[in-house]
Every structure is written in C-alpha cells, then in structure tokens.
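**Q** Chain B: place on chain A using the hints.
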Amino acid sequence: NAGVMQNPRHLVRRRGQEARLRCSPMKGHSHVYWYRQLPEEGLKFMVYLQKENIIDESGMPKERFSAEFPKEGPSILRIQQVVRGDSAAYFCASSPPQGAEYFGPGTRLTVT
Amino acid sequence: KQEVTQIPAALSVPEGENLVLNCSFTDSAIYNLQWFRQDPGKGLTSLLLIQSSQREQTSGRLNASLDKSSGRSTLYIAASQPGDSATYLCAVKHGSEKLVFGKGTKLTVNP
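In order, the protein sequence lines correspond to chains A and B.
Per my numbering, the first sequence starts with residue 1, numbered consecutively.
Per my numbering, the second sequence starts with residue 1, numbered consecutively.
Derived from the structure by calculation, the hints contain no laboratory data.
Among the clues, some could well be false.
To be verified - Computed spacing ranges between beta-carbons, pair by pair:
(1) A:G85 with B:D67: 36 to 44 angstroms
(2) A:Q50 with B:S53: 22 to 30 angstroms
(3) B:R61 with A:K27: 42 to 50 angstroms
(4) B:S59 with A:Q80: 36 to 44 angstroms
These numbers were taken from a predicted model, which means no experiment stands behind them.
Here a beta-carbon is modelled for each residue, glycine too, at the ideal position from N, C-alpha and C.
The shape of chain B in the complex, shown without the other chains:
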C-alpha cells in the first residue's frame, strides 16, 4: 500500500529565506508526482508535476526534484514571501491513476 509522508508538518520562516519541503513515498512504482498548494478553506492549486522519468521541474521560484529509487521528492522555494504562506501537499499517482496524498506541510512566511 502506497504511503506518502511529508516532513516537517509545519514550518515558520522569515521573509526572504530559501526553504526545502520534503516528501517521501513507500512504493517507487509511480507514474508521476505532483506538488500542490492549498490555502485555508480553498481548493488545490497544482504547482509542479514531475513524470516518473524526470528528475526535476522548475517554475519561477519553485524547484521540485524526484529521486524515484529512494522514494523522495523535495520542493525548494527560493526567496520566500508572505504570500507563499499556505499548506503544501505532495501526491503521487500510483496504481489505477489515483493520487495518494501526504498530510501536507503548513508554511508560514513572516514579514
């Protein structure tokens, strides 16, 4: 059974800091991995999608890496801003095309 773990559960940093969020999964037989952002009381916004054959993806200040063999992904956020405050969710597409989610990392960027 695929399980996804995100560490840390919560993170508070000052504005401008670079930070890394971690995601690990137990079964390396995945199709892809997605990072999402969820604001309180809102839906999910897709940030980055990494296919299983890829090692990383970049979008603006965000960079996500994937090491399938070790079952790990990281989301790197450069020069963090208060508007980055949200819960970040990692999910892997495994088996019959369903996503398996971690519980998320709640990020607070303090001005």
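So here's chain A without its partners, still in its complex pose:
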C-alpha cells in the first residue's frame, strides 16, 4: 500500500506565477488535508476535503489560494500570483474517517 504521494517535491516559481501542488491519498482514505509549514514555525492547517467537497477551509487565505479533490485524480492546491511570503513546505495528509493522519513528503515551494 503506497503512502501519500505528493508532487512535485520541489517547486520554484517567480513572483506572479501560479503554483499547482498535487496530492494522492493513501488507498482507501477518503479525507485529505493540506497544511503549511513556514520557516521556523509549526504546521498550520489550511483545508480539509472529501471527494468533491470542501469541508473546512478556515485556514486558507481568502485570496489566491484554492483547493479541490475531484471524483477522479489527485487533490490539487493552487496558489495564484505567488508572492515571496508563500515560500514554505506544503504537506498533504490523508486519513479514514476519524483515523490517524498519514503525511506525504511535502512540496517545498520557493518563490523568487
């Protein structure tokens, strides 16, 4: 059973470009979560999704950020018009309902 997959592992974008981060949950897991880890800070919740539904997006900035988890395919976190402050490690996790969360290796976004 493969773990949570994220790609790309490293992403470099210039200011103003778009960043698309992908996450494939573990087989059998219906819940997907995105977290952000800024340098020298703890992990912060961004958004929680189930298939085709956003359940909780209370941690996601209101502008430029969006997330989806379509019926088929991976979950996508999209950041439009990136700024230097978006540079961080973005982690995806998946779980069964009320089960343990298993994390992917993360995507390290660098905005130049």
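**A** Same frame as chain A, but now just chain B:
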C-alpha cells in the same frame, strides 16, 4: 481556540538516556492526539495515535500517555539512540477533524 504547547523546545541528551517530551493543549474536547517525528527537510512520520478514550499507547521504545482532563500528553523514549535525533511534534484532532500542532521539541541524542 485550541492551542498546543510543547516543552522543552530543544533537548540534548547522551545516548542511552531515557527521556520525556511534554505536550499540553488548552481545550480537552479532542478526538485524538498524535505524536509525529520530522527529520530535517522531510515529511512527518506518525509514531503513536491515542484516541480520546485511551490513556496510553506503546510502540517499541516509545510510550505516549494522555490525560485529557488536564490537557496533557507525554512521549517517553527509552534507551535513546542517535537515530532518534529529530523534531517531535504533538498534534490534537479538534473540531472539524483538523489537526492542531505544537511547534515541536528538537531532540539531539549524542553518541
């Protein structure tokens, strides 16, 4: 608002020592508590999960306890090894199934 605090922020011990990492949370209405390990530049590895109805969980040299009423958890590591060096994160599942993390304890085990 749920807040998770981990003490100490950093810990350095000689190899072979038993050690305890502490985690406290402000709202006892949690579903579960997880301890994770994070190596530099890497993702998170789940170590132990304690459901809110449980008092402790054990895996190998690791033992985690949970006292929900006082809002505390401890992670006990027996006979520490240099390979245990990492940042240990405590997180509680609270509210709409999201995890709230502490800032971690950075552990260094010296050979």
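**Q** May I ask you to test the hint 22 to 30 angstroms on the CB atoms belonging to A:Q50 and B:S53?
**A** About 25 angstroms separates the Cβ atoms of A:Q50 and B:S53, which means 22 to 30 angstroms holds.
**Q** A:G85 and B:D67, beta-carbon distance inside 36 to 44 angstroms?
**A** Holds, at about 38 angstroms.
**Q** Cβ-Cβ distance between B:R61 and A:K27: within 42 to 50 angstroms?
**A** 30 angstroms, violated
**Q** Measuring from beta carbon to beta carbon, are B:S59 and A:Q80 in 36 to 44 angstroms?
**A** Holds, at about 42 angstroms.
Violated hint: 3 only; the structure is consistent with all others.
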